[in-house]
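Asker: If you want the building blocks of each chain, they are given just below.
There are 2 protein chains.
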Amino acid sequence: MDKLIRLILSTSLVAFCCIASYADDWKPLFDGKSFDGWKQLGGVAKYTIKNGEIIGTSVADTPNSFMTTKKDYTDFVLEFEVWVQDGLNSGVQFRSMSKPEYNNGRVHGYQFELDTAERAWTAGIYDEANRGWLYPVDYNEPARSLFKHEQWNTARIECVGNEVQTFLNGKQVSHLIDAKPITGFIGLQVHGIGDKHDHAGFQVRWRNLRINTKSPKLSPPQGVYVRNIAPNTLSDSEKKQGWSFLFNGRRARGLKGALGDNAFSKSDWEIKDGALTIHAGSEAGDLISKKTYGAFELDFEFRLTEGANSGVKYFVSDHAEPGKEAKYLGLEYQVLDDKVHPDAKEGVVGNRTTASLYDLIPSYRNVHTRNVPLHIGQWNHGRIVARPNGIIQHWLNGFKVVEYERGSNIFNALVARSKYAEIEGFGLAEKGHLLLQNHHDEVSYRSIKIREL
Amino acid sequence: MDKLIRLILSTSLVAFCCIASYADDWKPLFDGKSFDGWKQLGGVAKYTIKNGEIIGTSVADTPNSFMTTKKDYTDFVLEFEVWVQDGLNSGVQFRSMSKPEYNNGRVHGYQFELDTAERAWTAGIYDEANRGWLYPVDYNEPARSLFKHEQWNTARIECVGNEVQTFLNGKQVSHLIDAKPITGFIGLQVHGIGDKHDHAGFQVRWRNLRINTKSPKLSPPQGVYVRNIAPNTLSDSEKKQGWSFLFNGRRARGLKGALGDNAFSKSDWEIKDGALTIHAGSEAGDLISKKTYGAFELDFEFRLTEGANSGVKYFVSDHAEPGKEAKYLGLEYQVLDDKVHPDAKEGVVGNRTTASLYDLIPSYRNVHTRNVPLHIGQWNHGRIVARPNGIIQHWLNGFKVVEYERGSNIFNALVARSKYAEIEGFGLAEKGHLLLQNHHDEVSYRSIKIREL
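Protein chains in written order, with numbering that gives the first Met the number 0: chain A, 0 to 452; chain B, 0 to 452.
Simulated from the structure, these hints should not be mistaken for lab results. Just to be clear, a hint being listed does not mean it is correct.
Distance condition first, Cα-Cα at most 27 angstroms in a straight line; then the derived DSSO-like pairs of lysine-lysine [what the hints assert, rightly or not]:
#1 A:K418 - B:K430
#2 A:K344 - B:K418
#3 B:K430 - B:K399
#4 A:K289 - B:K430
#5 A:K179 - A:K69
Note that the structure is a prediction, hence the values are computed from the model and not measured.
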């Protein structure tokens, strides 16, 4: 009994010491009364201090403004509370920079988005004045309802190595893995309002900003989609979610040739510099996955040369005759330089442009009033989600551009007036292969990952 | 001051008396220990009593069983608690009957559904062994999540005159207005399980059954869709929701002829016996609504003669030239005897059958594994919902059979390969007329109601 009490006492003491020491690792980022350690960059929106809060107020005819820390940070956990007036867009920069040689010192880098609009992407990650949206919150649909309008919200940003997680009111919103760790300042944004003078005077308020640089740790991921930008890598979080490679930059172990003998000629489908490339004019067969898939999530990157054509097919049925050219048919995520290649003008209403369900459903290339970019000669991010309930989505560079229900009355009506009209049961196989198409143009793929749902 | 106290006292006393007298109006329907006042009808499922609960237990190879009150009831409010084992279907009959001359005494009448399946239609109204589903809970989508699996649920049924409301765990589920009041017994159903012997022994339990026949009142409606079966009537609840008539059985005040002079010849479109009928061989013009509508809900009943063809169009654009035959184009809810009329086999995958979006999207005539009926020579219930967000639904006899988004990429792709392909902006008008089509066959309409959303 006596021993037990001593054990309890000592355990409690250890626990207390740990908490105390962890609590000690946090430092206020703002002293509550002055901008000591901060400086303003960009536009001339007003920043004031009242009741321990930093208040940003929008001003017309000035670009995005930033109240930034003088110090740079690499690995840290940042917490703050934020209140945003409806109609204002704002954000918190982190790992950000302002350098004379980049856009005349324009502030750029990660931004924890604050979004009062209907889109509701608060806690998404935007790469300000650089790569644009890295983690649009459409990746994590339920998180769009977390933001509390004109109330205080608690926010948390975790940066460790090349991994970034954001949280809003206790729930994880974003999970980003970038190519490398970045060092930079933290900054409170007041978004420019252009010449909308009726939006002048709108406020965003921050309080209780604190940072932990001594023992920064990633919280256990809450199962949200992981956007991994680092080419041909698979993070621990992704492995835990069941992701594996079909092609990892060096080996295409999950793929085989679609011709009868399943070979794929290395001179036609070349693995080089971390990419799997089909060369122009090649008469090689397509590549297909060794396994077949029912419900799945497929992530890949693709790079088109000018005017090139390819495609990623799924639910591909396996009725090739041995020794003969395969006729692998399936639903196709179109991959095309649709500014140049003539097939983009065929079909109807754009249903042969990139990320369309080929010849059936055109990709929405304008969502949230933003044009979804397609970069020729650069890497683009494709994603196909086939849920167990039959709902299928195509994504392009972070945006959901096609959604449909396989086998629904609408799907059947579309197929019946497409080039697949005469094919019995087209696209309805319970499981099917994935396929990379050789359309005799030079196209590269990398980071081809799959998980079953 | 003295007066005030006396006033408060007397008011409290009055309130107390009212409550006491209202409470007195409730009587237990079950004495907690015996089946005095009850008798079993139909199959031989087991009914036992334990701890003040009635326990129904399923038995294989017997039809639907019912423990019924010996007394009949017309106007009443019934409350009970119910617990249902997952996998069992059950229900509570009310205003029900068993008569030798009807199906050899088969129990028939209203049933408060108890549904543990994925469909989740608990508290919907089914007309057992008679008209089938009167209030499927698809009419009230949010109510599908109210039922608590393998927990006690509180249920309430209100019958006053020809009006019936059901409630589950405090929320309204169904709102039915029938043609006339009905008198009948109350009965606790154990659904037959056929030869599924592994489902034998499944339980449903009821307790705290009480009834108020002295002061039955309808609760204030909670805004759910009102299904009004009484032809050409508009209840107070519907009026409060903003419904009004285009045709009420006597006058078609909301409609006009589609020809240049807007006349409609009474010999062609005849109003008789509460119906608006176009006669076979008529060369009269279509009828269109005087007003145009953007977001709306349209309710109507239609009766087809054998082999007949008609249609209800919406978002109809008004570009008729005066004095000439109108060319009113719009989206069409198809109305057709699709077993007989050849047009049902035209188009693709059934997109010209009744309730289809004509030539675009076939109606799902098989939902929830049940064939949606279409009765030739009898009245059918049509419904078109056009929400402000662009989502449009077609309903047939209680089932949602088409749903699509006007102007979406999928909609545009469907139109581009339909008979409307060449019509610029087809179906995209911001507002449009409603139209009843004369296709030279005899077809009748009644109870045509509209409300703007």
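Asker: Quick one: which hint numbers does this structure break? Sort them smallest to largest.
Answerer: 1, 4
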